[in-house]
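As a plain string of letters, each chain reads:
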Amino acid sequence: MLDSALSIFRTGRNLARLMEGLGITLQISAAAVGLSLLLGIPAGLLMAGRRPLIPKLLRLYLEIIRVMPILVLLFLFYYSLSRFLNINLSAMTVSVLVFTLWGTAEMSDLVRGAVSSLPRHQWESGRALGLNEMQVSLYVVFPQIVRRLLPGIINLTTRMIKTTPFVFFINLPDLLKVGQQIVEVSGIRNPLSSVWVYGFIFAVYFAICYPISLLSRYLELRWQS
Amino acid sequence: MKIFNFLLLVLVLAALSFPAQAQAAGELEAIRAKGKIRVAVFSDKPPFGYVDENGLNQGYDIYLAKKLAQDLFGAPDKVEFVLVEAASRIEVLEANKADVVLANFTVTPERARQVDFAKPYMKVALGVTSPKSAPITDVAQLRGQTLIVNKGTTADFYFSQNHPEIKLLKFDQNTEAFNALRDGRAAALAHDNTLLFAWVVENSSFVTGIEFLGSEDTIAPAVKKGRAELLTWLNEEIARLTEAKFFQEAYQATLGPAFGGTVDPKSVLIDELK
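So the sequences go chain by chain: W and G.
Just so we're aligned, residue 1 is where the first sequence starts under our numbering, counting upward by one.
Just so we're aligned, residue 1 is where the second sequence starts under our numbering, counting upward by one.
Note that these hints are calculated values from the structure, not bench results.
Since we're looking at a predicted model, the values are computed, not measured.
Ideal Cβ placement from N, Cα and C applies to all residues, glycine included.
Some hints could be false.
[To be verified] Sample of chain W residues with no beta-carbon within 12 Å of chain G, all distances over it, derived: (1) G12; (2) V33; (3) F142; (4) Q144; (5) N155; (6) I170; (7) E184; (8) V185; (9) S186; (10) V195; (11) Y210.
[Claimed, not checked] Here are the simulated distance ranges between beta carbons: (12) G/G144 with W/L221: 38 to 48 Å; (13) G/T137 with W/K162: 40 to 50 Å; (14) G/D183 with W/P55: 49 to 59 Å; (15) G/E80 with W/L76: 16 to 26 Å; (16) W/L26 with G/D271: 28 to 38 Å; (17) G/G35 with W/S116: 50 to 60 Å; (18) W/P55 with G/K167: 17 to 27 Å; (19) G/H163 with W/L85: 21 to 31 Å; (20) G/R182 with W/W223: 45 to 55 Å.
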């Protein structure tokens, strides 16, 4: 039985193909998480600020992205842009773009929440010391919110990794789709292949996501003491 | 995923409000200039379109795609495969992500309003596969039972319209649909008979109790509406290939082995174009 399982992965380039699929999954997640941090943190700080218009606009953006299923966004940017505006983006570009739009929205809300939970006098004391708004954000607020942000960021990262299989709907073969292709071909001769292949994919996702949450728990404990 | 249907509806409505723009002439030239024809194919539907263990596209549709490339460019590898799901076959054309769809695409009047079909290269009817231990040989047996179909396929339309008394369990992907049948989540599974013929050969505890159901349909290449030059070329090409018995050759190379000699090639191939 183990032989039949191993033979699926040994046949042809099956294992290499799965790893290529994983590569697509990881590329999208890593790029999107990185960009979301870069854009989401300033957006969150702005959202928590007291300027009249900007927080409202960011709030609107957040709500729009939140109610839109990822699949709709993917279709919109992959198919509709090309069809109506003749903007032909590659599937990879669209994936990173959509996951970044989503990540930025979620990240900005996490940051806003963390900032709002800081007592008001932290800002006021900073200003009283003669720091400008930018400096208060950077030197007073930001170091204090990083710790509160961490669980949310980790959560978002693993959610993103687990949402990447949607990219196959815009014709990008990620880990899960490659697995399906293998099941379809080897499943004819080996009915158990779906168990083995999906089991393998489960293990791979676990192997990626579990260390990430371990890391966050470790950091949380360390920063607490 | 209801959202999928909703989205398609939105896109269809949008399509209706934007009249299709005629493509500039010389499309064939444009494809030649690009050096590759982009063909949308399935990646998980053996023996029609699948990816083999070496990561190469294979199957009956792919055999034809390579022949098209051979005749356009003189080399069978001048084809770029775009891997699609059943439900995105129209969208890849309208969004101009592929030049031709060769993905076991059954010609229906609804679809013909959205894309242009060339002359057919295969024919198909619906079939119903069930476990040998509880075979379904008549649609009447399915009353009140659950039937598995793939979302957006001919089977889905046929049973939704003609047999509302049968509960449908819908899946986006073949892998899931057939696994659900294996797991006993429904009494039977309805799909194109050609696909079922191949599947039961390797899954001997199941039987295609109903082999021909609904009207006999044809399978044809599809192009975006308004791409007249490409369509004309495809029509001429298919006529030539039918004449030259190319599809017999394609059958022997791809479908024959998968059907295990249980199917008469005549029930799948088109002898003469009308």
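Hint by hint, where does the structure go against what was stated? Just the numbers, ascending.
Of the numbered hints, 1, 6, 7, 8, 9, 10, 12, 16, 18 and 19 do not hold.
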